[in-house]
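Chain A is fixed; fit chains B, C and D onto it per the hints.
Number of protein chains: 4
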Amino acid sequence: MDKIKVGINGFGTIGKRVADAIDAQDDMVVVGVTKTGPSFGCKLAVKKGFPLYCTSDDQEKINSFSNEGYKCNGGISDLLSVSQVVVDCAPGKMGAENLEKYQSAGVKYIFQGGEKHDLTGLSYTSSANHIQNLNARGTRVVSCNTTGLSRTLVPLFDQCGSLKVECTMIRRAADPGDSSKGPINAIKPVLKVPSHHGPDVMTVKPEIEINSLAVAVPTTIMHVHSIIADLPEGHGLSTDSIIRMWEQTPRVIVMNGSKDRISTTAEVMEMARDIGRKWGDLHEIFVWEDGVKLVGNRLYYFQAIHQESDVIPENVDCIRSLMGTEEDWVKSANKTDESIARYYSTS
Amino acid sequence: MDKIKVGINGFGTIGKRVADAIDAQDDMVVVGVTKTGPSFGCKLAVKKGFPLYCTSDDQEKINSFSNEGYKCNGGISDLLSVSQVVVDCAPGKMGAENLEKYQSAGVKYIFQGGEKHDLTGLSYTSSANHIQNLNARGTRVVSCNTTGLSRTLVPLFDQCGSLKVECTMIRRAADPGDSSKGPINAIKPVLKVPSHHGPDVMTVKPEIEINSLAVAVPTTIMHVHSIIADLPEGHGLSTDSIIRMWEQTPRVIVMNGSKDRISTTAEVMEMARDIGRKWGDLHEIFVWEDGVKLVGNRLYYFQAIHQESDVIPENVDCIRSLMGTEEDWVKSANKTDESIARYYSTS
Amino acid sequence: MDKIKVGINGFGTIGKRVADAIDAQDDMVVVGVTKTGPSFGCKLAVKKGFPLYCTSDDQEKINSFSNEGYKCNGGISDLLSVSQVVVDCAPGKMGAENLEKYQSAGVKYIFQGGEKHDLTGLSYTSSANHIQNLNARGTRVVSCNTTGLSRTLVPLFDQCGSLKVECTMIRRAADPGDSSKGPINAIKPVLKVPSHHGPDVMTVKPEIEINSLAVAVPTTIMHVHSIIADLPEGHGLSTDSIIRMWEQTPRVIVMNGSKDRISTTAEVMEMARDIGRKWGDLHEIFVWEDGVKLVGNRLYYFQAIHQESDVIPENVDCIRSLMGTEEDWVKSANKTDESIARYYSTS
Amino acid sequence: MDKIKVGINGFGTIGKRVADAIDAQDDMVVVGVTKTGPSFGCKLAVKKGFPLYCTSDDQEKINSFSNEGYKCNGGISDLLSVSQVVVDCAPGKMGAENLEKYQSAGVKYIFQGGEKHDLTGLSYTSSANHIQNLNARGTRVVSCNTTGLSRTLVPLFDQCGSLKVECTMIRRAADPGDSSKGPINAIKPVLKVPSHHGPDVMTVKPEIEINSLAVAVPTTIMHVHSIIADLPEGHGLSTDSIIRMWEQTPRVIVMNGSKDRISTTAEVMEMARDIGRKWGDLHEIFVWEDGVKLVGNRLYYFQAIHQESDVIPENVDCIRSLMGTEEDWVKSANKTDESIARYYSTS
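Protein chains in written order, with the working numbering: chain A, 1 to 347; chain B, 1001 to 1347; chain C, 2001 to 2347; chain D, 3001 to 3347.
Chain A extracted, bound-state conformation (with noise of 0.2 Å):
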């Protein structure tokens, strides 16, 4: 079988990651990643060997990349005529101006969770939906957090058969790499009640009811989720079987918080960094076994976002899904995840 063309469109935070996760599969490869200007980014991909193009069409910037010694393989279009499949990672508001050249261009498209649900009218998480997003024409990856409530919520509603939900989010206020953004000494709400967050869950599974609040605090390294969802009655589980079935459930961590001596973001970035994945990416969800209790039929816990790294799989299952090259989420994610394992292992 001939690998899926996938180009990238967009090669920042979120378009390096998901290039390098391509990579390490056998079953699709990156013709190419574009670039606004030269710059530093032109220099990773060179280094790994990915095709650079213009995010633009205009000539004067394609011949601008050669003035800083980077060659420039063409424009966008030249890239998506190439590819089978497009991601795009361009920054937020291109949306709409993307989708049309995708379109024309007769490629599948995957956007990312920045983008709303209205610009596709289809989303996609690996364990929510796969199948639904099957051999479609294009679709969008939702957010990180969208995406962490999902791996949690999605196997609990599974076996219980409907959920209320609460979350309040606990939000990172800027990236790792991003000097510019506050606050220094505050805790800042979202004033939007309840907030956009929770509900772009129901965006691929629409069976769970959810509504939340956010806050943004000052730290760079991750989300916490402090979740409250209310089961059914009968639903003839208790705090220990939900904590076997997360156990089981692909990219979800559980640790304990005590034993493990993993108190805090800190300390999940920090085993996050021995696992060894490039830029200490964490793409699983991170929950304290103790801080989960299931009082009654409602159920307590916090999980762990690693807002920079979390969708990566879920972009490479989601290419398999739009080219209906794999039908089973679980045997797909397995295959991201065990490729993404051999990449990383240094010995």
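To be clear, the hints were calculated from the coordinates, so they are not data collected in a lab. The model shown is predicted, which means the values in this text are computed figures rather than measured ones.
Keeping only pairs whose Cα atoms sit at most 16 Å apart, straight-line, the calculated EDC-like set for lysine to aspartate or glutamate is:
1. 2181(C) - 178(A)
2. 2181(C) - 175(A)
3. 181(A) - 2178(C)
4. 3192(D) - 2290(C)
5. 3192(D) - 2289(C)
6. 181(A) - 2175(C)
7. 192(A) - 1289(B)
8. 3048(D) - 274(A)
9. 2164(C) - 3230(D)
10. 259(A) - 3068(D)
11. 3181(D) - 1178(B)
12. 43(A) - 3274(D)
13. 2048(C) - 1274(B)
14. 1043(B) - 2274(C)
15. 192(A) - 1290(B)
16. 2192(C) - 3290(D)
17. 3043(D) - 260(A)
18. 1164(B) - 230(A)
19. 2047(C) - 1274(B)
20. 2259(C) - 1068(B)
21. 2043(C) - 1260(B)
22. 43(A) - 3260(D)
23. 164(A) - 1230(B)
24. 2192(C) - 3289(D)
25. 1181(B) - 3178(D)
26. 47(A) - 3274(D)
If the Cβ cut is set under 7 Å, some of the chain D residues that face chain A in the computed set are:
27. 3040
28. 3177
29. 3179
30. 3185
31. 3264
32. 3266
33. 3267
34. 3270
35. 3273
36. 3276
37. 3278
38. 3280
Quick reminder that beta carbons are idealized off the backbone N, C-alpha and C, glycines included.
Here is chains B, C and D on its own, set in the frame of chain A:
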């Protein structure tokens, strides 16, 4: 009427503030404050004219004050012998030992929220149970968080007749003057789930059903509560009527994040500094008007708590309650607050 | 003697503080403060009884105040017509435009350190050049950093006759009420090397040779200066005599990090809150006694600067200098500081 | 040639990194690593195939590993018996005790910069004194700060023949995985003035005269040095020639803050993550090209230090020096660095 004679046992973060607040009243007087030994805090007490005592009755310790040029008027027993009420502002874990001293000395006593309800069997917050504390031998003013929750929930309960509440507490990790505690860049969930904070409200208002989850974040200035309250069917309230109610509630400030440009706790504290109380304190609970939303029977809102000072006026009211000199909590609260306002007016 | 009539153009971080400090004096009076339009700051002015004016002379803008219930007494020209001196506390980059207004109105003017020396051709700080500013038409009170350096370096220079200084400024990245600026977790060097900060001292004391390097760090409360000063041969000073000198210098506080348990700027600011000035301000420069060390002819020391407030009393002294009412800077400083101390006393 | 057999005593922040770096080389092999007991770190060792030993020889402690399913190969004495060199990565204050064990076992030893020079009487950093350490019985690899200073100062000294240096160290207050230490919002000067950090350079390069001042700030990711170096008359260097020299110095990276958009340590660390070493490490010292300026004979510059990892390659070089297998430090450095680069390449 003679002024109520109040001793302050412990003159740190809370003690120094309670002393000032009492000093502002015309019906009570600070007869002394204790320190463990000569230190910077003694200078403050001297400047204000509060007689100094030693937290211990050990003669050597008492004598040590004069080495640094401070006049010490005796040990804790001496202070108790001239007090009618003692406000215990000692560090945690001294409760049981101190209680015994207060009881043998035959003075009324007020502990702070760092101690457990079981120590006194009675707790206090102005809006919830002033009347139940009337003429009691002693009580405990609840913590900053419990005080904050009571301020907004009790009037809501009084309107509705029942209330089920879930609160996520986003807590400042250290006080502004504390430079040793972290984390610097992490979120720390309290893994006791649900946390002890919310249910403490039931020590002053047992009819409110409440649970909570808590995280600590790298900020020093305020706690934020993210609150979900389920009102009973037929409550007859609206988002608007609830906001109006809180606007008329003592020690609650309602402002608009967008119109008043108060988007985070940083701007809340700056507004407090403009008010002009010592230490930039904010005795009031801050509610964002545009962060309140009633959806069906479920109310969502955010509030911010100045952890160093919201309990200060409660201690003053509590003295009147224990001494039986004012039965009406609203009258006491108004008297307390107006006296403090006058005390800090500069003109 | 009639009180000096002072207008304050701009009623923000600096303006509100200068107004209060002038209000505390018996030889000057605030005849008005300006705001760009109706906002929270107007409430403060009204509460203090400062007449409100509009920063612009546009009649529409002037009228807009009454929409929100504030009485506006006219535009900036109206304020200037009743002022003898105007203190310009407008945001940066308005200097040239405002200067013209002040000069045509024939009022004396004081700019702040955000403006460059070239605007006025004259700069001011109490200890360095009060006498050179006597009866001048207008001047510029230097920045918080320059003021801080002058406070400790000028008396040192006066003892030694020459001084070569290098200073590394570790700057707070944002003010406490500013929640938008970062970084949250990074150190930001000022890559203009050497930086402009140090040499600004030479606008008030040209005889001191000084350069500086600067970094911004994730804190909101104070700047810290790490200073190396080379004294001339035969200076006759010792670590101890230098400390004693600073202890007797106006607006310098010397404390011991170890004995007084003031190990960081957090404890310095807490001490300032205890002093009881509005906003928890610290007008004084803070020097750690145990961080001063003379090694041969090279002096090492640390000092901390409260960036929001150290220039406030300088503005008051500066008014007296421009009006020629007090030739002796120490007398002016004592009068200023004692008046402020009385103003904030609560008893 | 047989591979050099290296034991690692302590498998924490430094130990785990040193083990990986040795594993990347073809002339040395990790024969074992020690842990105090079974914990998360053991999992890492097992995954990498490093034999586990116990830091103690106590049989009970050795046995405790098997309770958690880890195979422990014995105590520290057993490890020493199969090692030619031991790299001591134990927590501070164990130095004297461990030294005795290493000496009686007759193995060569390398301590880290947490220990004092006096312990070994000999210190090491690749660029300064590789040759003086040749065939020595044991030594100490200097701290991250001293290593950083040596990297840029030693080649400068070698050009000039003399150097007088003052450095202000702006230090990260806690490591990324450490969530307990503060401050959250303060600057903490090190009140031992001048500080011990700078002079430690003289343990590896006694000819450089150097002093330092230090502050800790609320960040976790890097130290920044603000450096002033006085070159001798007739040095013949220029800002430009110094930059060119550092560009050719091993383990120094020179980039442009403005052109490369690396304005803070946040962007430096992000660039390091892109390089792709495990833990996002940056072994190199980072110098801002546009932050270097020679003014007369005085050189100003900033550099950033990745405190967790800059000493890692020095430990590898140091092993070759002690074993006498490579006399030329540049050859060793190149071998070390190229082997590490290969080890982490993903393709």
